[in-house]
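First to last, the protein sequences are chains G and D.
Positions 1 to 149 (this note's numbering) are the ones given, in order, by the first sequence.
Positions 1 to 149 (this note's numbering) are the ones given, in order, by the second sequence.
Hints may be right or wrong, so weigh each one.
Treat identical chains as interchangeable: a pair holds within one or across any two.
[To be verified] Simulated pairs of lysine-lysine, DSS-like, Cα-Cα distance not exceeding 27 angstroms:
1. K131 x K54
2. K69 x K136
3. K27 x K136
4. K27 x K123
5. K123 x K136
6. K27 x K131
7. K123 x K54
8. K136 x K54
9. K69 x K123
10. K54 x K69
11. K69 x K131
Treat the hints as calculated values from the structure; they're not laboratory data.
Fair warning: this is a prediction, and the values are worked out from it, not measured in the lab.
Number of protein chains: 2
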Amino acid sequence: MVIIITMPRKPFKTLEARACQAARHSKRREVIFEVLNSGHSHLNAEEVHHEARKRLPGIGIATVYRALKFLCGCGQASEFIPADGVARYEPGGSRAHHDHLICTSCGRFIEAVDPAIERLQEKLAARHGFKPTRHKLEIYGICAGCAGK
Amino acid sequence: MVIIITMPRKPFKTLEARACQAARHSKRREVIFEVLNSGHSHLNAEEVHHEARKRLPGIGIATVYRALKFLCGCGQASEFIPADGVARYEPGGSRAHHDHLICTSCGRFIEAVDPAIERLQEKLAARHGFKPTRHKLEIYGICAGCAGK
DNA sequence: GGGCATAGTGATAATGATTACCATTATTAG
DNA sequence: CTAATAATGGTAATCATTATCACTATGCCC
């Protein structure tokens, strides 16, 4: 639950720290961070903007995009792009990796991880002489709630 | 190697046949089909347009988009959207499903399938009461060729 | 072979998400 | 407090894709 919205004033040691090069504290960035961490996850930029305006009415959409990008660079948020091509954001960095089950009926996102799948993916990559850095698994279908109807 | 570019004149029995409702033969659609099946795969719409123009100089980008959509509806092509959000196309329908290893250095796409992963994905979905219809697995990293350099 | 209904096409305007630009505002080291 | 400059808001620009519309091509009918 650490918020990094202020700059490390000294030279950066790691790429990640460099990506996080914020020079000044900013109320808007803080609010956008709070929105991402306020429960309803998987918001797109427009939805984040809508929520953020409840707290800071004047905040602009450009600032939302900038802040989201910045937070992703910091490892404080992560972005993923489902089949409709519109980016969605969730709190936490790639360390909190998980896959998505996406209901094509109600649009709900279910998060899931299967260590066995992760391991097999590593092996699959290795068989092709491929060094994986990240991956994306999305399963589209009908969730339990929608199937019951 | 069957080309469906002419309409089934009678009422359609299946959803798939309906999606394939082409009323007339069209040279452009045929050419676009040929481009998709001509070796270099994973082209985006613009690249397909570029190739198609070599064979039919006057062909427009709108027609390319229309034909690609149509071929996908027929099961003669399939679309997937990598992390940059720009759709790419390959011949064949979802029956020829496979996953992608995408090199972030040279942009190459390697196709792969691992039945074990597929099975585990089914189980993962089932554990969440989820009825999967399709899925997408993309592994980003460095391919063997680029790692060697 | 010619006519006709209409599917297909090309040019381009429209769209929607995202980014770039720029004048203004806010932050903070000194 | 002040200067230097990062952050912001509004909006124009961008880019892939879709919609529109006038025109062309296809193929069933005679």
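Do the hints match the structure? See the list:
1. K131 x K54: For K131 and K54, neither the intra-copy (44 angstroms) nor the inter-copy (37 angstroms) Cα distance is at most 27 angstroms.
2. K69 x K136: both (19 angstroms within a copy, 24 angstroms between copies)
3. K27 x K136: neither (32 angstroms within a copy, 38 angstroms between copies)
4. K27 x K123: Neither. Shortest intra-copy (45 angstroms) and inter-copy (44 angstroms) distances fail the 27 angstroms Cα cut-off.
5. K123 x K136: Both, since 16 angstroms and 18 angstroms are each at most 27 angstroms.
6. K27 x K131: Answer is neither; intra-copy 40 angstroms and inter-copy 43 angstroms both fail.
7. K123 x K54: neither (47 angstroms within a copy, 41 angstroms between copies)
8. K136 x K54: Neither, since 32 angstroms and 35 angstroms both go past 27 angstroms.
9. K69 x K123: Classified as neither; 31 angstroms inside a copy, 34 angstroms across copies.
10. K54 x K69: within (21 angstroms within a copy, 40 angstroms between copies)
11. K69 x K131: within (25 angstroms within a copy, 33 angstroms between copies)
When held up to the earlier numbered hints, the structure conflicts with 1, 3, 4, 6, 7, 8 and 9 and fits the remainder.
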